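K.L.:
At position 26 of the sequence shown the residue is numbered 26 (my numbering), and the sequence of numbers has no breaks.
Source of the hints: derived by calculation from the structure; they are not laboratory data.
From a predicted model like this one, the values you see are computed outputs, not experimental measurements.
Certain hints may be false.
As the list claims (entries may be wrong) - 30 Å max Cα-Cα, derived DSSO-like pairs, lysine-lysine:
hint, residue 1, residue 2
1, K98, K123
2, K84, K123
3, K84, K59
To be verified - Computed Cβ-Cβ distance ranges for the label pairs, DEER-style:
hint, residue 1, residue 2, range
4, E159, R76, 15 to 23 Å
5, A4, A157, 51 to 59 Å
6, I3, Q106, 26 to 34 Å
7, M1, K59, 53 to 61 Å
8, R56, A4, 51 to 59 Å
9, K2, Y95, 40 to 48 Å
Cβ coordinates follow ideal geometry from the N, Cα and C atoms, glycine included.
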Amino acid sequence: MKIAIILTCFLSLVCFGFAKPKKDAPYIPLYPSEPLHIQVIDNLTMSDVGRNDRFRRIKNTLEEVLEEIDFPLDYRIARMTARKTPADEPRLDIYIMKWGDNGMSQIEVRFSATIRRDYDRNKLGVFYKRGGFAFGSSEQMIRGYNDVLRQALVEVASELNERLGAGILEEAEGDEQAEEDDVSESE
Numbered sequence: 001m002k003i004a005i006i007l008t009c010f011l012s013l014v015c016f017g018f019a020k021p022k023k024d025a026p027y028i029p030l031y032p033s034e035p036l037h038i039q040v041i042d043n044l045t046m047s048d049v050g051r052n053d054r055f056r057r058i059k060n061t062l063e064e065v066l067e068e069i070d071f072p073l074d075y076r077i078a079r080m081t082a083r084k085t086p087a088d089e090p091r092l093d094i095y096i097m098k099w100g101d102n103g104m105s106q107i108e109v110r111f112s113a114t115i116r117r118d119y120d121r122n123k124l125g126v127f128y129k130r131g132g133f134a135f136g137s138s139e140q141m142i143r144g145y146n147d148v149l150r151q152a153l154v155e156v157a158s159e160l161n162e163r164l165g166a167g168i169l170e171e172a173e174g175d176e177q178a179e180e181d182d183v184s185e186s187e
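Work out the full structure: start from the sequences and follow the hints.
P.N.:
Next up, the structure:
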C-alpha cells in the first residue's frame, strides 16, 4: 500500500513538472474589417432586473465610451456565454471582479480584460479605478457607479485603439503585398 502511495505521488510530481502553463500570444491585433465581440462576465447574484441590471449598466457605459472615442470597429456586447464567438473573430472578455463600495466611502471598480482569437489569448491586464461615493438618491448613486466604471473603461478603449492601429498597419501591408503579386502576374 505504501509503495502504491509513493508511486502515485512520484508520478503526479513528474506529470506536474512536465505540464506547461498556457502562454499568452505575443500580440493579437484588431483589424477594421472584423467585428469585435465583447463578452462581459459579471457576478449574476449581484445583478438586478430591469433598469438596475448591472449588465445593462455596464453595456450602456461601454457603448457610451466607445462612441465617445469614435471606435471604428463594429462591436457586439453580450452577457457571458450568451453566444459563441466565431473562431476567426476577436473577442474581448471583461471579467468584473469588484464594482461597489470598498468600505472607505469610495466606489471601486476592478476588472481584467483579455483579448482572444481562436485559441490564442492576450491579457490586457487588470484595470482599477476609485471614485467618491455618491450620497443621495438612487439615481445619483447609479451615476457615481457608472462614472467610476467609465474611467476604467476609457483605459481599456485606449489599449484597444493601440491594437487597432497595429492591425491597420498589418492590413495595409497585406494589401500592398497583394497588389505587388497582381502586378507581377500581369507583366
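K.L.:
Taking the hints in turn, state whether each one holds.
P.N.:
A quick look at each hint next to the structure:
1. Straight-line distance between C-alpha atoms of K98 and K123 comes to about 18 Å, which keeps the hinted pair within the 30 Å bound.
2. Of the supplied pair hints, the one linking K84 and K123 holds, its CA atoms being roughly 20 Å apart against a limit of 30 Å.
3. A hinted pair counts as satisfied when its Cα atoms are at most 30 Å apart, and K84 with K59 qualifies at roughly 18 Å.
4. At about 19 Å, the CB distance of E159 to R76 agrees with the hint of 15 to 23 Å.
5. Under the hint 51 to 59 Å, the C-beta atoms of A4 and A157, about 56 Å apart, fit the expected range.
6. At about 58 Å, the CB distance of I3 to Q106 disagrees with the hint of 26 to 34 Å.
7. Checked against the given bound of 53 to 61 Å, the beta carbons of M1 and K59, roughly 57 Å apart, stay inside it.
8. Roughly 55 Å separates the CB atoms of R56 and A4, a value that falls within the hinted 51 to 59 Å.
9. The supplied range of 40 to 48 Å is met by K2 and Y95, whose beta-carbon atoms lie about 44 Å from each other.
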